[in-house]
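Each chain, written out:
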Amino acid sequence: MYISYIYCDSMLEKEIETYYKNKEELLNQDRGKYVLIKNGNVIGTFDSEKDAIKIGIDKFGNIPFLVKKIETIEEEQNFTSDLINLC
Amino acid sequence: MSSVTITNQNLQREGPVLSAVISIANQLEKKYAEQKLRVPEAIELKALIDTGASHSVVQEDIPKKLGLEPIGETRVNTPTCSDHICYKYFLRMIIPVQNNSIYYEGVFTALPLKGQNIDCLIGRDMLKDGVLVYSGCTNQFTLSI
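In order, the protein sequence lines correspond to chains F and X.
Under our numbering, the first residue of the first sequence is numbered 1, with each subsequent residue one higher.
Under our numbering, the first residue of the second sequence is numbered 1, with each subsequent residue one higher.
Simulated from the structure, these hints should not be mistaken for laboratory data.
Built from N, CA and C at the ideal position, the CB exists for glycine as well.
Any given hint could be a false lead.
[Claimed, not checked] What follows is a list of derived Cβ distance ranges for each label pair:
| # | chain 1 | residue 1 | chain 2 | residue 2 | range |
| --- | --- | --- | --- | --- | --- |
| 1 | X | L132 | F | I73 | 27 to 37 Å |
| 2 | X | T51 | F | L86 | 30 to 40 Å |
| 3 | X | M1 | F | I73 | 25 to 35 Å |
| 4 | F | T72 | X | A42 | 17 to 27 Å |
| 5 | F | Y20 | X | Q9 | 49 to 59 Å |
| 6 | F | S10 | X | Q116 | 42 to 52 Å |
| 7 | F | D51 | X | N99 | 29 to 39 Å |
| 8 | X | T51 | F | Q29 | 33 to 43 Å |
| 9 | X | T138 | F | N28 | 23 to 33 Å |
| 10 | X | P112 | F | Y20 | 19 to 29 Å |
| 11 | X | N100 | F | Y20 | 36 to 46 Å |
[Unchecked claim] Derived coverage of chain X by chain F (criterion: at least 3 residues anywhere in the stretch with Cβ under 8 Å from a Cβ of chain F; other residues may be distant):
| # | stretch |
| --- | --- |
| 12 | 53-59 |
| 13 | 68-77 |
[Unchecked claim] EDC-like cross-link-like pairs, simulated, lysine to aspartate or glutamate; straight-line CA separation at most 20 Å:
| # | chain 1 | residue 1 | chain 2 | residue 2 |
| --- | --- | --- | --- | --- |
| 14 | X | K64 | X | D119 |
| 15 | F | K54 | X | E29 |
| 16 | X | K114 | F | D82 |
Bound conformation, chain X alone (with noise of 0.2 Å):
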């Protein structure tokens, strides 16, 4: 299990965010390499820690931006509109860290993210098999997966 941990003064006001960085999957890489077609860059972005969230979810043009098609649909519900069908694509996650990179494959759900910057919500799919340490007093948070 790799791990991060973020000290930020001002956690209260921002929440968990951390700098990650987002690409297409290591399987449909190797098959871009096969077929000799040009790999889109990685994208960098930020992501929050959001334990309000069912799933992970990527701002909707980030999937455009690496031209990913859907490999599926959901329905999603907010506390503002429900049943609203949006599709999920397979995306490829490494957080930074000096020694051991957080890295991870997964289902995220693109999704119109109201402004704060923030590109991605890691949700409570990405953070089943892991552990995060919220330290309010010491303007500190870990994240293990």
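Bound conformation, chain F alone (with noise of 0.2 Å):
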């Protein structure tokens, strides 16, 4: 079912497609922490975003990892103010 959420042309297909591949494990295992994923590797789940970024950015640099919370409906960003123009 992961395939649905696959958006191509993305620079963070491969991990996106890892963590579809793996999410129902991440669900059963660690639901609400957050996942660090580079190409087709699941690095470790933590406890904050902030601990999951720095330890990207502490293996890896400046090149593009996920970052993601393990949850069954994904939160989304909203905004109620008209201040940017995205369609």
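Two independent chains are provided; combine them into the complex using the hints.
Shown next as structure tokens:
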């Protein structure tokens, strides 16, 4: 089912794919934590987003990696004032 | 907790806007120093405190100017657009205050902000550990983080 969430032309396409491949297992083991993924590898899970990012910077430096909260329904960002020019 | 109080006679028209400086995160700066790489110069910008924003935002070209790569993606909903995928970046923001500047490191979503000379939205993720006092009758606001 993860295929439906993958979008092409993303710098994090491989990492997103890896997340959805491992999502069930991650939910069972570390729901609510943050996962750090680089390419096809789950590097680890962490209690806070900042911890995961800092480990990512430490390991990989300034190259794209994915830090994502492990949750069933993914949090979206909402902006009620119309200051953003997306459409 | 550090605080900044701004007085603006046009507060109602312009909103709670303040000057800030944004740069790469402290940890990446250290990494660059170890590798003897040039650290990109910090960028001065105007930030609007936006309680209607669930998360903080930077103008989409700022991470590129800092040479930064993303640390995640997210879905964004606005009044006119939904489910838009955008990149997230880990950045350091400093709000200069005379004695004790406000220092914040966190995740910012890169998005195209409309006109108005605003390059950053300070959203509720940044406010969640702080205090915002908006005093319309005195044309003042105070942000403490």
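Hints violated by the structure (numbers, ascending): Those not satisfied are hints 2, 4, 6 and 9.
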